[in-house]
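Chains as they are written, first to last, in our numbering: chain P, 1 to 735; chain B, 1 to 151.
Where hints are given, some of them may not hold.
Claimed, not checked - With a straight-line Cα cutoff of 35 Å, these simulated DSBU-like cross-link-like pairs (lysine-lysine) come out:
1. P/Lys429 x B/Lys31
2. P/Lys387 x B/Lys69
3. B/Lys31 x P/Lys426
4. P/Lys334 x P/Lys102
5. P/Lys397 x B/Lys31
What the hints assert, rightly or not - Away from chain P, derived, C-beta distances all over 10 Å, residues of chain B:
6. Ala2
7. Pro17
8. Gly38
9. Glu145
10. Ala148
11. Gly151
As the list claims (entries may be wrong) - Covered by chain B, according to a simulated footprint, are these stretches of chain P (three or more residues, beta-carbon under 8 Å):
12. 353–364
13. 602–609
The hints are simulated quantities; they were obtained by calculation from the structure and are not laboratory data.
For glycine and all other residues, C-beta sits at the position ideal for the given N, C-alpha and C.
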Amino acid sequence: MTTRREFMVGVSGLTFGILLEGCAATPEARERSGASLAQTPAGGARAVNAWASLSPDGTIWIVNPAVEMGQGSQTAIPLIIAEEMDADWSRVVIVPAAPDDKVYGNPGFRGLMYTAGSATVTGYWDVARTFGAQVRRVMMENAARLWNVPLAELSTEPSTVVHAKSGRRLGYGEIAAVAQLPAVAPAIKPEELKQPGQYRLIGKDVMRVELPSKVDGRAQYSIDVQLPGMLYGAVLRGPVEGSAPLAIDDSRSRAIPGVVSIVRMPFGVGVIAETPWAAFGAKDALGVTWDRRARAFGHDSARAPALYSAAARDLTRPGKPWDSAGDAPAAMQKAAKTYESEYICDYTYHAQMEPLNSVASVSAAGDACEIWCGTQSQTMAVAAVAKALGIAPEKVKLNLMLLGGGFGRRGHRDEEFVVDSVLLSKEVKRPVKVLWTREDDVKNGRFRPLSVHYLRAGLDGAGRIVAWQHRVACDEITAFQDPVRYKGGGERDFLAMAGSELRTYDIPNRLSEQLPQQTGIRTSSLRGIGFGPNKFATEAFLDEIAVRHGLDRVDLRLQLLKDTPRGQAVVREVVAMSEYRRARPGRGLGFSFIDYSGTMLAAVAEASVDRKSGKITVHDFWLALDPGIAVQPDNVLAQTESSIIYGLGLSLTERISFKDGAVQERNLRDYGVPRLEDIPELHLKLLSTPNRPTGAGQMATPIVAPVIASAVYAASGARVRHTPFLPERVLTALG
Amino acid sequence: MAVTFTVNGRPVTSAAPEGTPLLWVLREELKLTGTKYGCGAGQCGACMVHIEGGRTFSCLTPVSSVQGKSVTTIEGLSPGRLNALQRAWLAESVPQCGYCQSGQLMSAAALLAANPRPTRAQIRDHMSTNVCRCGTYPRIMRAIERAAREG
Chain P
1 MTTRREFMVG VSGLTFGILL EGCAATPEAR ERSGASLAQT PAGGARAVNA
51 WASLSPDGTI WIVNPAVEMG QGSQTAIPLI IAEEMDADWS RVVIVPAAPD
101 DKVYGNPGFR GLMYTAGSAT VTGYWDVART FGAQVRRVMM ENAARLWNVP
151 LAELSTEPST VVHAKSGRRL GYGEIAAVAQ LPAVAPAIKP EELKQPGQYR
201 LIGKDVMRVE LPSKVDGRAQ YSIDVQLPGM LYGAVLRGPV EGSAPLAIDD
251 SRSRAIPGVV SIVRMPFGVG VIAETPWAAF GAKDALGVTW DRRARAFGHD
301 SARAPALYSA AARDLTRPGK PWDSAGDAPA AMQKAAKTYE SEYICDYTYH
351 AQMEPLNSVA SVSAAGDACE IWCGTQSQTM AVAAVAKALG IAPEKVKLNL
401 MLLGGGFGRR GHRDEEFVVD SVLLSKEVKR PVKVLWTRED DVKNGRFRPL
451 SVHYLRAGLD GAGRIVAWQH RVACDEITAF QDPVRYKGGG ERDFLAMAGS
501 ELRTYDIPNR LSEQLPQQTG IRTSSLRGIG FGPNKFATEA FLDEIAVRHG
551 LDRVDLRLQL LKDTPRGQAV VREVVAMSEY RRARPGRGLG FSFIDYSGTM
601 LAAVAEASVD RKSGKITVHD FWLALDPGIA VQPDNVLAQT ESSIIYGLGL
651 SLTERISFKD GAVQERNLRD YGVPRLEDIP ELHLKLLSTP NRPTGAGQMA
701 TPIVAPVIAS AVYAASGARV RHTPFLPERV LTALG
Chain B
1 MAVTFTVNGR PVTSAAPEGT PLLWVLREEL KLTGTKYGCG AGQCGACMVH
51 IEGGRTFSCL TPVSSVQGKS VTTIEGLSPG RLNALQRAWL AESVPQCGYC
101 QSGQLMSAAA LLAANPRPTR AQIRDHMSTN VCRCGTYPRI MRAIERAARE
151 G
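Bound conformation, chain P alone (with noise of 0.2 Å):
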């Protein structure tokens, strides 16, 4: 029988324990926790409910409150508390939270336990720090009770109390063996915590706890879970959002051997069958017939962008204020020259690699259920599934899987792909894993919007950007994606608009404004959200500002970023790494700045361009950033080299086009993702300096399209204003 006593601290849930007895981890458990963020580990730890707890022999668990798609939060989490608590990583074992935002939440994203935006180690930096420094606190102050010394006295080695004046050393295990924990925890100042130079584990790599898993096809995502008694599901969804069933002939679909059940659902039909290909067979057997009233009906891509850019340039139409300093209009009419442009950036999938898909046992009587699944947000996804049960949230049980790729798909607030298993599996009382195949993941996308960018910029006579002034019109985002966000965040639609804003350019008057689109699409945040169109157009606009006006486009951003020293300091080190200043006759070089969230990144790409055929080709790309310290600084090159690469198929091939609302492309293929013969050279610098880290997951895809726009310029004239640079745009823009 384990005893365990555990300690609770204050409201933003730093809670830890003490396991006294009966929970030996065993290196199998450790695997096992890597492998399967669903799995619990072996013994008392099945009874965690805290940040952390330590066992008599050692072991350290530590709880992650983030999801592990892939950009290494499940380690770098647990190891920053691990860092404070100076515990020795080698006995530390990591172990899933409990889907609760009061303990959980991320702080970063207002409470929620939410991984996207690259803000997990941004959010949970300062608790994770506190957290690990209180446990370190108790196990001292517990050894200096037993030894009957003054605290001051001690110190610590990883998972030890060192008392260097008699030589004596207690192992956090013996401590935790015969700890008292006070009633309060202790009081932690922020100049308590450990400066980077003393930093043991933090900003040295270690292995991705996950990794081994991932090599001999070990790891477990939600696709992969086998349960008794399980059936598939497959879902016909309408051709747009809000389209339901008129009418549903499934008599072809019911001769197939294997289709146990055909059930009529609010937004579509669903399948459930024996096997995965009985239930997509039936699936694509299915006629039906659909209702029209849904608004999306009749969307064009391909006539969408004038009707948005019409929006966009029309100055009397108020925009949707984003960010504003000084008063842009004014100082646009008493600027000495004036300059506009538009950009255009097309809808784009997320093509992560594991279609959506999610298992569901719901129990007989339908008032529990216990769910496995790869979510961005373990609680949205419990609350989606209780509210579509109509049960208590606790009558959820979560499984959170390792996630085939995130990219902001998985973290909406319906998370509909979860509930299609819920309600598949309440119609036939059995387990059942519905699949959505991959044609299914790309025709019931959640799309990056369509964006058209009106920009405008005045400049004194001393060749200043005095006023600058930014129109977004594209369809909204945040108000599909997640409702409560958006009315809890005063209507701001922030997954489309963010980095519209320029807080770190020395530009004095500036208005960013939103022309919110309705058409009825579906929209979602996507790797860079905002930033990612928003920085085109604004980083593209700059090029061109230079070039028409004559100044050197690496000093206009140096100008402006005068006030803005690790902003100069990446821009100076892709200029040395690249060298910039030597001519590459036959390519171009191109360059850009941004800030994404306080990290600092600049880049250079050398492109050349086919004039027969328009296609473009990258050679080299260099980047240097700044995003802080790196907690794992391997981590943030893979994560570098993982966003530039997925910029690059957004700047180049990936566009998701509609006709009447649906959508065109089917497969992996016609959408265009990059592959290994489409990556240039990477070159890249990372600059860490000691200041709070500010998210490292996807801040360079939104700087890929502008360098690469400003490369090929360089290469040929061309102007290339509309993602993705597909060769005939290229050809049109050559002229």
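Got chain P; can you put chain B on it based on the hints?
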């Protein structure tokens, strides 16, 4: 009509309808879930297995076509210990989300089996069959070079 073949050296029989792709038999019937579904159309390589030693899209292979043949999945690539490629994959920290990596490893293993010292151009050409949406391509390149070097 039941189909009999071997998977990772073990004889198996499937009664799945003959048009059923091998992928779904492996995953849902034989519970070998390391082989992944990504596109169902031979466009991404997440489902890559070896049939008679050659890499094959299991999503496009009807189970009936492997009667009497030998199939190897990621679980059988190097049972019990990591091979040079898998060790190189860890040394270069290749996987991110990891979902495509079984297929990447099966493709890479087929390459090195046929060509133990491939050039970068050969690696690029061969591995462009597989998609990694996390963009681990530079590390895949490095890991294959490392495995070829370190054997």
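Cross-check of the supplied hints:
no.: 1; hint: P/Lys429 x B/Lys31; result: holds, 23 Å
no.: 2; hint: P/Lys387 x B/Lys69; result: violated, 49 Å
no.: 3; hint: B/Lys31 x P/Lys426; result: holds, 25 Å
no.: 4; hint: P/Lys334 x P/Lys102; result: violated, 52 Å
no.: 5; hint: P/Lys397 x B/Lys31; result: holds, 24 Å
no.: 6; hint: Ala2; result: holds, 15 Å
no.: 7; hint: Pro17; result: violated, 7 Å
no.: 8; hint: Gly38; result: violated, 5 Å
no.: 9; hint: Glu145; result: holds, 13 Å
no.: 10; hint: Ala148; result: holds, 16 Å
no.: 11; hint: Gly151; result: holds, 17 Å
no.: 12; hint: 353–364; result: holds (count 3)
no.: 13; hint: 602–609; result: violated (count 0)
The structure does not agree with the numbered hints 2, 4, 7, 8 and 13 stated previously, though it agrees with the rest.
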